[in-house]
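Protein chains in written order, with this note's numbering: chain A, 1 to 312; chain B, 1 to 247.
Keep in mind that the hints were calculated from the coordinates and are not lab data.
Take these hints with a grain of salt, some might be off.
Cut-off 25 angstroms, straight-line C-alpha distance, at most; resulting in silico cross-link-like pairs (SDA-like, lysine to any residue) [to be verified]: (1) A:K126 <-> B:T244; (2) A:K107 <-> B:Q159; (3) A:K113 <-> B:R160; (4) A:K107 <-> B:L161; (5) A:K107 <-> B:T156; (6) B:K117 <-> B:L49.
The lines below spell out each chain.
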Amino acid sequence: MIEIDAITKRYDGITVVDNVSMVIEPRTVTVVVGTSGSGKTTLIRMINRLVEATEGAIRLDGEDNRSIPGYELRRRIGYAIQGHGLFPHRTVAQNIATVPGLLGWTKARTEAKVEELLTLFQLEPKTFGPRYPHELSGGQQQRVGVARALAAEPNVLLMDEPFGALDPIIRAKAQEDLLAIQKYFATTIVLVTHDMNEAFHLADKIAVMDKGRVVQYGPPAELVRAPATPFVETLIGDAERPFRLLSIAKTGAAAEPGEAEGEPIREDRSQQEALADLIWSGRDALPVISRNGAPMGRVTLDAILKRAARPR
Amino acid sequence: MKVWVPTILRSLLLLVLIAFLVSPDSFEPLLKPLVQPNAPAIYNQGSLLSLTLLHLRTVLIATLAATIIAVLLAILVTRPFGAEFLALSRSLVNIGQTFPPVAVLALAVPAVGFGEKPTLIALFLYGLLPIFENTLTALTNLPRSVMEAARGSGMTPFQRLIQVELPLSLPVVVAGIRLSVVISLATATIGSTVAAKTLGEVIIAGLQSNNLAFVLQGGLIVGALAVLIYDGLSAIEAMIARRTGAA
Chain A
1 MIEIDAITKR YDGITVVDNV SMVIEPRTVT VVVGTSGSGK TTLIRMINRL VEATEGAIRL
61 DGEDNRSIPG YELRRRIGYA IQGHGLFPHR TVAQNIATVP GLLGWTKART EAKVEELLTL
121 FQLEPKTFGP RYPHELSGGQ QQRVGVARAL AAEPNVLLMD EPFGALDPII RAKAQEDLLA
181 IQKYFATTIV LVTHDMNEAF HLADKIAVMD KGRVVQYGPP AELVRAPATP FVETLIGDAE
241 RPFRLLSIAK TGAAAEPGEA EGEPIREDRS QQEALADLIW SGRDALPVIS RNGAPMGRVT
301 LDAILKRAAR PR
Chain B
1 MKVWVPTILR SLLLLVLIAF LVSPDSFEPL LKPLVQPNAP AIYNQGSLLS LTLLHLRTVL
61 IATLAATIIA VLLAILVTRP FGAEFLALSR SLVNIGQTFP PVAVLALAVP AVGFGEKPTL
121 IALFLYGLLP IFENTLTALT NLPRSVMEAA RGSGMTPFQR LIQVELPLSL PVVVAGIRLS
181 VVISLATATI GSTVAAKTLG EVIIAGLQSN NLAFVLQGGL IVGALAVLIY DGLSAIEAMI
241 ARRTGAA
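Work out the full structure, taking the sequences as your base and the hints as a guide.
Shown next, in the form of structure tokens:
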């Protein structure tokens, strides 16, 4: 659990982060969104003390993050950034072994960890381990960057626009991978982005920042249903509201008993995908199946449209 | 095929240089037409080989000292506590470069006497600037995301310097050393005006006795050394740059 308690950061009298308090639950994905200059990057950099707070405190599992030296704190917290920041003079394996090396892990333990992570990120250890970062594609570099951040098995992973430099197709894949890995390691992830689609796709909770303040902090659906300020409304976008609601709900939740013709849809697909399927194939209903293919009834166009309407 | 031409030319140059240094007399017929009858065509007041080695030794010592001081200075002024000295150290090093080596020699002789010492001082001062400026440029232009990642992964400032900043700066530092060495190789010749044992002796002897062959062989040896060392260091530089992914 990360408790951010009335944290403020000022640079030469200019307030960048203004009295922010929030509690981030363990094993969740929290996404901090906002325009550039809203203080979102400064906020997460205060968690691992790359930036020192002017006022207030941050506690990790109850322990003040100033109770140990900054560099020791940062070895316990994963940190992944835009443009990956891989060390160009070190191989992929050496890059991933950075923090274990700083912590003085044994060679065997480090090697096992590097292999596990490379495999997890679908990079064949024997092929990719000895390569240098410039020999990888952008997507592969980004994956190695995240693998490096996770190498010392941190409880908390901070990510500063980690997918910002990727093209849309690789980005979607990277987001899927991140969610899978978050489940696998049960890591608490705090991610900064300015991409609302990304935020809605990944977040258990979204914190919206505007001019140094957190103006709203809650589950994605709440932001759509009850935006706290006009800024939040603008950020979500008038024309996007119904689709945002559908994008965060699973098709299974809208399923009802009954029959339908044609290609089925899996229950763990989003309702937005179900709607797209319905419109595109010109049907009124889709059969729904479970993850292992068992029939679960159907989902109708009406049901979806009702769910996309303004909540009353 | 064209790729091999420079390599072949360099090896040829090296072979000719070695042959000339080991057995200068066999080149006498080539240089004979340049001198008056009865005058010697090959330097005869000492061994060319030992002069060359002494010349190289002087340059090596001066460059080594300049490298150590310049790199340390550049590291110092790029740390947070040394930032105030950046301007001061820049002007100090610049003075070293603008001060003519001849003037340094003239000033140093009364202080340290004749011989190798004043030459080493002049070469050291003259060689500082390229190394210092290059190291400074390299250390201040490291990729931001890499430095950020180094801090974010929990390296201490010293670990960042040793494990990230210096290895990534190395190609540019070597380029500075390369410039410094070439300048020093040429400048070392004037050390012979204050009795340092360098190839300048050959050139000065030639000028004094109006012997064009002496001047030419002294100059050519220095030139060949400069070209070969320059190329050698360029190759090392390229190798390091490839490893660090810069090239």
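Comparing the hints with the structure gives:
1. A:K126 <-> B:T244: The given pair, whose Cα atoms are some 21 angstroms apart, holds under the 25 angstroms limit.
2. A:K107 <-> B:Q159: Within the cut-off at roughly 19 angstroms; holds.
3. A:K113 <-> B:R160: Holds, because 23 angstroms separates the two Cα atoms, which is no more than 25 angstroms.
4. A:K107 <-> B:L161: 23 angstroms, holds
5. A:K107 <-> B:T156: 21 angstroms, holds
6. B:K117 <-> B:L49: 21 angstroms, holds
The earlier numbered hints are all upheld by this structure, with none contradicted.
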